[in-house]
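Start from the sequences and build out the full structure, keeping to the hints where you can.
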Amino acid sequence: MKKNHIIDLKSITKEYDGQTVLDNISFYVRKNEFVTLLGPSGCGKTTTLRIIGGFEQPTEGKVIFEGEDITNLPPYKRQINTVFQKYALFPHMNVYDNIAFGLNIKKLPKDEIKKRVKEMLKLVNLAGFEDRSIQSLSGGQQQRVAIARALVNEPKVLLLDEPLGALDLKLRKEMQTELKNMQKRVGITFIYVTHDQEEALTMSDTIVVMDKGVIQQIGTPVDIYNEPKNAFVAKFIGESNIIDGIMREDFVVEFAGKVFDCIDKGFDKNEEIEVVVRPEDIIITEPEKGQLQGRITSVTFKGVHYEMLCNDGQFVWKIHSTIMKPVGAEVGLCVAPENIHVMKKAMKR
Amino acid sequence: MKMKIFSYPYMLWLAIFIVVPLILVLLYAVTVTEGGSITFTIENLRRFLDPNYIDVLWISIKLALETTVITLILGYPIGMIIAKEKPSRRNTMILLFVIPMWMNFLLRTYAWLTLLGKNGIINYFITLLGFEPMNLLYNDGAVLLGMVYNFLPFMVLPIYSVLAKIDYSLIEAAEDLGANKYQIFTKVTLPLSVPGIITGITMVFMPAVSTFVISRLLGGGQYMLIGNLIEQQFLWVGDWHFGSAISIIMMIFILIAMAITSKFDTQKEGSSGLW
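Chains as they are written, first to last, in this note's numbering: chain A, 1 to 349; chain B, 1001 to 1275.
Just so you know, these hints were derived from the structure itself, not from any lab.
All C-beta atoms in this analysis are idealised placements derived from N, C-alpha and C, irrespective of residue type, glycine included.
It cannot be assumed that every hint is accurate.
Stated by the list, open to error - Under the rule of at most 30 Å between Cα atoms (straight-line distance), these lysine-lysine pairs were calculated in the DSBU-like manner:
no. : chain 1 : residue 1 : chain 2 : residue 2
1   : B       : K1187     : A       : K77
2   : A       : K106      : B       : K1187
3   : A       : K180      : A       : K77
4   : B       : K1084     : A       : K86
5   : A       : K110      : B       : K1187
6   : A       : K173      : A       : K86
What the hints assert, rightly or not - Here are some chain B residues pointing at chain A (derived, C-beta under 10 Å):
no. : residue
7   : Y1168
8   : S1169
9   : L1170
10  : E1172
11  : A1173
12  : A1174
13  : E1175
14  : D1176
15  : A1179
16  : Q1183
17  : I1184
18  : K1187
19  : V1188
20  : L1192
Claimed, not checked - One-sided excerpt, in silico: chain B residues whose CB lies under 8 Å from chain A:
no. : residue
21  : D1167
22  : L1177
23  : G1178
24  : N1180
25  : P1191
Here you go:
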């Protein structure tokens, strides 16, 4: 299809024993792109990845790789490598043999294998670890070996299935930056699966948000955060206030009993919609200056900011602010028009 | 550390039923009773160097090796097939393998007597087809068959349990890295199942070396294995000293064999072997 597409999923449906796990999934991945499949567990993101890797066959639909249909190609014939969730390193081999596995299968000359494994170990900061046994490595080190083992084959696409899930928070943050840098350096397309929205936002060029086997939204991290398409995406990516409202006309929306200016258009007149307001986009003012008035009902210190709940009589707003108002304080709330996100009402399925 | 007290009954058990008898066997092996007095000697051990006895030892080891190799060749694919089944069907298949073991070992061997006998079922069908009845019993083949039949589950079970425990993502990882089915087997599955193979070999070879019931029932009285020799010395000849000496020699051979097999078990961690 399009020139810079490396992978195209076309109407992929997957059923297990009559149960639909993936329902008509279509998206594409561009060359050198970092794409993240994001969603709660059981949303079908891992199944999607396994279909791209060739470990599962879709019930319906096609996987196109550089313009060629590879739907029925076994994994060992695909120019795709995978970093598995629990690394799946071979316990009977040392670090060197694990990384050299793919090259040995391809029967490359020994000195070339040696050279490439050495380079890879350097890339993942494990130089000198050749003879170490897998059991003697820490989780983070095993992680790097798994990445090196996949990258040494110079795949066109690298699949990563929650590769940082087993690491502690600090290490995970470090590895996130490192992975992103690695991807830029080697210039390989990464398809990354995670349920951690923060991870997805920091690392990705494009995020595919999935739920219940259906794609909810595809977009850049900024798009997905600022313009969630529906309540699921809004709730899943970051924290949010979601409130029912009515679209009076283009650029005018009514919710919480008040009329607000907004920047959304294209809805029917008086269409019932949902409004998303991020907690950090609500500004606390003097009661008389606010668009809404309410009383603070709870305050929690979160480190960088305070999280406050404010009851306006109809709705409890979640607010993130560095300025603390005590419980019981009467306050006004303001939201700028560009921070009011109007969404179509979620269809009840 | 106070829990240590709970291990005393087991220590006592080990001492009374294993350590003391072993010492007694060793004592018998290096002594002779002459006119009521006991004297130390290595005569019993030297007696074994007689070519006739060495021959018996050699035949026993050869038969045990043959049994081990055949059970391994048969047992590995069986273990693999069962391990690849769905968990629900696995249990049924394992049960089918284990059920015969609930029956007495002697009964099972007697069953072969009626199957292979002159008037047995197999010969009945052979005569039905118009051939002369064959001599199926009381030869090397019958003994080997009986051994393989009796010891096969001991090879299948450990191999199966190791294969079933192999993380499937390792197989997928190998496939992902370009390995075909044959390469996956030789480079991943087989090396990872070595501990099971070692355990299987140990569990078949050890009892196979010392068996005497199978060889007596299916091999007829003339078939002499080292187990039969020991039995003979204790029960018929009444020479406990020589019997003990042969037992000690056999134990040494088993120890050597096990030491050799354990050399191949390079994976110390997660091994289910006996060593």
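Hints and how they fare:
no., hint, in the structure
1, K1187/B with K77/A, "holds, 18 Å"
2, K106/A with K1187/B, "holds, 13 Å"
3, K180/A with K77/A, "holds, 27 Å"
4, K1084/B with K86/A, "holds, 21 Å"
5, K110/A with K1187/B, "holds, 17 Å"
6, K173/A with K86/A, "holds, 18 Å"
7, Y1168, "holds, 9 Å"
8, S1169, "holds, 4 Å"
9, L1170, "holds, 5 Å"
10, E1172, "holds, 6 Å"
11, A1173, "holds, 4 Å"
12, A1174, "holds, 7 Å"
13, E1175, "holds, 5 Å"
14, D1176, "holds, 5 Å"
15, A1179, "holds, 5 Å"
16, Q1183, "holds, 6 Å"
17, I1184, "holds, 9 Å"
18, K1187, "holds, 7 Å"
19, V1188, "holds, 6 Å"
20, L1192, "holds, 6 Å"
21, D1167, "holds, 7 Å"
22, L1177, "holds, 4 Å"
23, G1178, "holds, 4 Å"
24, N1180, "holds, 6 Å"
25, P1191, "holds, 5 Å"
In summary, this structure violates none of the numbered hints.
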